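Participant: Line by line, the protein sequences give chains V and F. So the number in the numbering used here is just where the residue sits in the first sequence, counting from 1, plus 16. So the number in the numbering used here is just where the residue sits in the second sequence, counting from 1, plus 4.
Be aware that a few hints might be false.
DEER-style ranges, computed between Cβ atoms [unchecked claim]: (1) V:Gly77 <-> F:Pro241: 55 to 61 Å; (2) V:Ala283 <-> F:Gly171: 30 to 36 Å; (3) F:Ala121 <-> V:Pro192: 36 to 42 Å; (4) V:Arg80 <-> F:Ala121: 36 to 42 Å; (5) F:Leu114 <-> V:Arg290: 25 to 31 Å; (6) F:Pro186 <-> V:Arg95: 34 to 40 Å; (7) V:Pro220 <-> F:Leu220: 27 to 33 Å; (8) F:Ala121 <-> V:Pro220: 28 to 34 Å; (9) V:Pro220 <-> F:Asp227: 37 to 43 Å; (10) F:Arg317 <-> V:Ser90: 34 to 40 Å; (11) V:Arg157 <-> F:Ala85: 23 to 29 Å; (12) V:Val44 <-> F:Arg236: 25 to 31 Å; (13) V:Gly205 <-> F:Asp86: 52 to 58 Å.
For the record, the hints were derived by calculation from the structure and aren't laboratory data. Remember, it's a predicted structure, so these values are computed and weren't measured experimentally. Positions of the beta carbon are idealized from the N, C-alpha and C atoms, including for glycine.
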Amino acid sequence: MTRRTAPGRRTAGSRRTARTLPLHAVLVAVGALMALPLLYAVLSGFKSTDELSRNPFGLPGRWRTGNYTGILGSGDFWRLLGNSTLIAVATTVLVVAVSALAAFSFARFAFRGREVLFTFFTMGLMFPFAVAALPLFLLLRSLGLLDNPLGVILPQAAFGLPMTIIILRGFFRQIPGELEEAATLDGCGAFGFFWRVLLPMARPALGTVSVLAVVTSWNNFFLPLLVFTDSGWWTLPIGVQQFQGQYSAEYARVFAYLVLAMVPALAFYAVAERQLVGGLTAGATKG
Amino acid sequence: MTTTFLTGERGGPALDRPPPAADAARERARRRTLHRLTAVAFQLPALVLFTGLVLLPMLFALYAAFFRWGGFGMPSDYTGADNFTRLFQDPVFLGDLWRCLLLVVLSLALQLPFALAMAVLLNQRLRGRAVYRMLFFAPYVLSEAITGVLFGMVFAPGDGLADHVLGAVGLDGLGGEWFADPSWVMATLFLVMTWKYFGFHMMLYLAGLQSVPAELTEAALIDGAGPWQRFRNVTLPLLAPTLRISVFLSVIGSIQLFDLVWVVTQGGPDHHSETMAVTMFQYGFKRYQAGYAGAVSVVMFAVCLVFALAYQRFALRRDLEGATTTMRGDGT
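Assemble the whole structure, with the sequences as input and the hints as a guide.
Facilitator: Structure representation (structure tokens):
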């Protein structure tokens, strides 16, 4: 945007504004459709359920914070938030660590069968979790991992491997070979090079795959639904569904709960937008 | 041979005193074995995790599909292909396949072109485009469960936002049951999916558009090509790899849809929004017909596999070179 100051340019600018007016109209319309449900939820959370049916669009007649503070005041919401956080962090650490080792081997070692093995992992991208869900459930049951966070963390990490390995391999390949030679001359073994040279250099890539892993884990619904029957371990997506079932007549409260459940994800997005988008596009174009 | 670390060929025997040939060969073989072992050692944790929690469960689902089995103990009542013959006579499951196809077609015909249009719009120098980009993508980071509950209330019959809006503009007749009406439920679900996912595809396209060199469109402009011609003949071909990936993700996503449906309709009314994954869940976890659920899993797997292989063969081949398809071992 370089149009300001010089008067000659301003006319050019306003001419362009006129030309782009229809485009802006389209964007405003689409933007409104996107924002409306979210805005509706936020405002509805400040109303009473009675007011909600009398005054569905307008600002609340009186801004009641009771719905929000009620939820925040009870320990339940915070416990779900804690569970989601614990599971997301543990999944991320595990999947990134394990993938980094494998991706290093795929990127920097030449050995027979490497591409076959790599294809073996990448195949995992194509297949739905639902296919494995039932046997996985039985396996976790026999291992005693139901109602145990590991029952969600381990499978999530396993299903996250393909994407993470593909992205990390791409990044690891870009690190110049001269560095290896230098490190080898300085007496670094394979792991030494990986740990002391490669990982520090790949920090942006590690950030990207970590953000992806956090978001995927945070939004997972199916697996926690299978594994946690004990409400003490529920995560936010499960909590939202259960809350709606429990308070289905109290619209305003459900809206408040929804909004509060959205806040962490949206806040994380605001902070990590660049990494997230970078990861998705890298993942999508690389495999 | 540029970046290969520890190829196992480096650092041969000391130069001043060449050892006998046999020793050198043995030494090389030893190094190669060591090298290979190191490479595999790095992959071991991933291999164990992936095999144990992804691959074996999938194979077990395939095995269980040939048994009548309630899901307790090992399956023992072998019934051959009975589960599959039953499956393909089950109107609900045939409906699943039909609904899957419907979602695929709707996504490809409406959602992706819409995402592309928005990407082209936001690729221009427009005031506030960063805000629009953020806004359009934001739903992607919300879980399907949260999205589902939200839209369950937006489309609540009579009291929801959708009916209120239609009422306010004098279109009361259009409002109604939404998710509870068999003939509208899939359309409404598709609307919600579009709200949630079009921004993701738009982001992919925007990233792809970044790589379209401005000189090319400028050259076309000088040659007198109109905006449509420039888009059709310059931008679109250069965007093709991104489009192919986006189509792939969209189809795979439609095949495995579960969360949204489960949260909003649980497959209802009367199975009219049921997907393969929901059917699998119903039989496997609610009705304890694990063998039959296994058969559903297998068909889902087969649909994905056939699609993925065909798509790779015919569309993705060029884009994925070195990523998933080829077996090049040149170590670069």
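Participant: Confirm or reject each hint.
Facilitator: For each hint, the structure was consulted:
Range check, Gly77 of chain V to Pro241 of chain F: about 56 Å between beta-carbon atoms, so the 55 to 61 Å window is met. Separated by about 35 Å at the C-beta atoms, Ala283 of chain V and Gly171 of chain F satisfy the suggested range of 30 to 36 Å. For the pair Ala121 of chain F and Pro192 of chain V, the supplied restraint of 36 to 42 Å holds, since their beta-carbon distance comes to about 41 Å. The beta-carbon spacing between Arg80 of chain V and Ala121 of chain F, approximately 41 Å, falls within the hinted interval of 36 to 42 Å.
Remark: the range hint 25 to 31 Å for Leu114 of chain F to Arg290 of chain V is upheld by a beta-carbon distance near 30 Å. For the hinted restraint 34 to 40 Å between Pro186 of chain F and Arg95 of chain V, the CB-CB distance of approximately 39 Å keeps it satisfied. Here the CB-CB span from Pro220 of chain V to Leu220 of chain F is close to 29 Å, well matched to the stated 27 to 33 Å. A beta carbon spacing of about 32 Å between Ala121 of chain F and Pro220 of chain V agrees with the range 28 to 34 Å that was offered as a hint.
Here the CB-CB span from Pro220 of chain V to Asp227 of chain F is close to 40 Å, well matched to the stated 37 to 43 Å. At roughly 55 Å, the beta carbons of Arg317 of chain F and Ser90 of chain V sit outside the given window of 34 to 40 Å. Range check, Arg157 of chain V to Ala85 of chain F: about 27 Å between beta-carbon atoms, so the 23 to 29 Å window is met. Checked against the hint of 25 to 31 Å, the pair Val44 of chain V and Arg236 of chain F passes, with Cβ atoms roughly 27 Å apart.
Checked against the hint of 52 to 58 Å, the C-beta distance between Gly205 of chain V and Asp86 of chain F comes to roughly 56 Å, which is consistent with it.
When the structure is compared with the earlier hints, a violation turns up for hint 10 alone.
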